[in-house]
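Chemist: Here are the chains, one letter per residue:
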Amino acid sequence: MRLVAAACLALALAAPVAAQGLPDSVSEPYRAYQTAMEAGDEAAALDPAYRAWQAAETAGVDAETTGLLADNYAALASAAGQHEQAAAAFARSAEILADTEGGTLLTAETWRLAAMAAYQAGEESTTERYASRAIDILSALPASREVSAAIFQTETILAYRQFDRSNMRAAGRHAERAITALLEVGPVANMDAANIAFFAGIANASDYNHEEAAFYFTIASYIYGATSGDAETRQIAEAWAYYSRTTIDDDDRLELVRRLDASGYRPVECDDEDAGCGAGETGLPDYPEGTDVEDASPIHRREVTYPSQLLSAGYEGIVLIRFAVEADGDVDDIQVLYSVPHPAFGEAAERAVRHWRYNPLRVDGVATRREGVVTQFIFQITE
Amino acid sequence: MISALITSAALSVAVQSEPGCEDSARDAAFAFSRSDDAAATEFLDREACHGNAAFDAMRAVAAWRQGNFGEAAALAEGVVISRARNGCARTREVARLAFIAGASYLAEDDEALSRYHFWVAHRVSDAGGGLTRNERDVAEHFSEDIGTYRSDHRRMMDGGFLDPLPTPGSACAGFPSVQLSPAPPRDGVLFLVVELRTNGAGRVSRVEEMFSFPDAPPQALIDSIEGRLAFDTRTRQQVALVLNPCADQLTWFDREPVCLPGYQPEDSQAQAAAD
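These protein sequences, in sequence, are chains A and B. Here UniProt numbering is used: the first residue of the first sequence is 1, the next is one more, and so on. Here UniProt numbering is used: the first residue of the second sequence is 1, the next is one more, and so on.
In case anyone wonders, no lab produced these hints; they're calculated from the structure. Among these hints, one or two may not hold up.
[As the list claims (entries may be wrong)] Which residues of chain A face chain B? A partial, calculated answer using Cβ under 8 angstroms: (1) SER221; (2) ARG245; (3) ASP251; (4) LEU254; (5) LEU256; (6) VAL257; (7) ARG259; (8) LEU260; (9) SER263; (10) ARG266; (11) PRO285; (12) ASP286; (13) ASP292; (14) ASP295.
Think of the CB as a built atom: it goes at the ideal place given N, C-alpha and C, for glycine as much as any other residue.
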């Protein structure tokens, strides 16, 4: 899963600077930048934008102008995929804003853009530092939809960063903060929101917080269902959401639906099972009227073995697995739907499931192959 | 001017002489309470009243009593929705109509809609009464998975029964009484929920009636269920049987369907053809 927040957000910040009164070393490249931008040639604008900013720094031009020039360059560098340079320029712009304006929403947003660019450049510690500056400012600002939106975007960057480092719990913490902020903004259905809800689900499932896991996985499944994401991801989210809802008791499930209702997110109208709607849920076909269906039930479950290398390295993990139960009760067609932070967890789960035995699904008394049994494995190191 | 006034007065008298839809519904409810289904049917023979909640509630009762479960389910569902929208969710009639919808959808093999309406019935009855203890147990049993499936969520969010139910206002009073029982509706139809226990050999060792409409199940019927071989040993489960006049929900291991005393499995086909 990749962070998809668009870099074009940065371009919106590109601002005009009055070239009059500036030293030639600044005004000349700035005019070249302006001409290229007016011609719609961002590639040609990149170099003069950089030169104008650097010249302003050298010539001791006023802070506000220098900040705007840094911002102009940062936006172009970001759009050009020069994330490292964009991060440095946004950070410089944010520093200047912090000095001149203090902890405003604009300052925080600029730190966030710096963090985003640093993340895209793969600069882990810089990402954390810039994002923390943004969060510090946002936390001190009066609550508003704009502030909540900025918190969501910043926490999202931090969640992705932790997820990339296989630190699911930390990713989950940031993801929960992101979703909390998002719910104050109102329901937003995009891939970032879906992925973040999914991270929060994984983190809570890993900690056996079944109610929270059910909430976040269900939100994720709603959003994936509403966005044009790939069908496989949607089915994984649906399967995990369904599984997690089966792990909570009736009262908690009622409370869950109330929370979902209050969140503003709703499942999309989706009654056509042929179109894949709900395909990730029970895995049972729609049998004709009057059919007597007795679902498969486990007889023997072999314990899963913790992968030794991951154990000694202190890694914990979580796996979602799907399999079929043959008419003779044997397990077949095992698929690891998700295994984080390492595929070895999924392989260990698969090895265990291969030896499981079931009472088969019975349809009108006839033992029948059962597709789509889903289960979750949590690999946790205890003292 | 004078003639216009006279015409208007005459019209007014003519309208008053035709009973309102609510009046017809109340008359039908009274007839049902006396097991006079023929009279009730006459009171409900007014197409112009279709869509009136009180009237449709009685049409739902009529369909339920006749074993027309598809029609009963749709009508009861419509009235439940309309009563909830009018702030009358927490009433005994809504609990009973939701039960009729839940049981009827179960008879129609629509588990999702059955689950939802039994949940509504149980929830409303908890708040404002309307169901007997056994009926509540049945409603609870057949709605225990509510919220597990995504398809439940929209119904629950949109239905008006998720949040605490408001106290019904005075406008909710006067709705005709909805009775789930007694009295036979049509010969050879029985809606029955039983709790079955199986012994170590997987045979049904005990059958306990949880809900039965329109009448108590004949002992011969209970006897015909006992001793059947089930899939699982030492289990306890509730099963809904729609005997019309036979039910095939207990046809484990190629056993014959369960039939009301005096009926044979082939009567089910004859009944279906007659319907």
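Chemist: Run every hint past the structure and note whether it holds.
Modeler: Verification of the hints:
The beta carbon of A/SER221 comes within 7 angstroms of a beta carbon in chain B, closer than 8 angstroms, and the hint placing it at the interface holds. The beta carbon of A/ARG245 comes within 5 angstroms of a beta carbon in chain B, closer than 8 angstroms, and the hint placing it at the interface holds. With a least beta-carbon distance of about 10 angstroms to chain B, the hint placing A/ASP251 at the interface is violated under the 8 angstroms criterion. Of the supplied interface hints, the one on A/LEU254 holds, with its beta-carbon coming within about 6 angstroms of a beta-carbon of chain B, less than 8 angstroms.
Given the 8 angstroms rule on beta carbons, the hint for A/LEU256 holds: about 6 angstroms separates it from the nearest Cβ of chain B. Proximity of A/VAL257 to chain B holds as hinted, the smallest CB-CB distance being about 5 angstroms (cut-off 8 angstroms). For A/ARG259, the interface hint is violated, the least distance from its beta-carbon to any beta-carbon of chain B being 11 angstroms, above 8 angstroms. Of the supplied interface hints, the one on A/LEU260 holds, with its beta-carbon coming within about 6 angstroms of a beta-carbon of chain B, less than 8 angstroms.
About 10 angstroms separates the beta-carbon of A/SER263 from the nearest beta-carbon of chain B, more than 8 angstroms, and the hint is not met. Among the interface hints, the one on A/ARG266 holds; its C-beta lies about 6 angstroms from the nearest C-beta in chain B, closer than the 8 angstroms criterion. Annotation: A/PRO285 was flagged as interfacial toward chain B, and the flag is violated, the nearest CB pair being 13 angstroms apart, outside 8 angstroms. Interface restraint check for A/ASP286: the shortest CB-CB distance to chain B comes to about 10 angstroms, outside 8 angstroms, so the restraint is violated.
A least Cβ separation of about 6 angstroms between A/ASP292 and chain B falls short of the 8 angstroms threshold, and the interface hint therefore holds. For A/ASP295, the interface hint is violated, the least distance from its beta-carbon to any beta-carbon of chain B being 11 angstroms, above 8 angstroms.
Hint compliance for this structure: hints 3, 7, 9, 11, 12, 14 are broken, all remaining hints hold.
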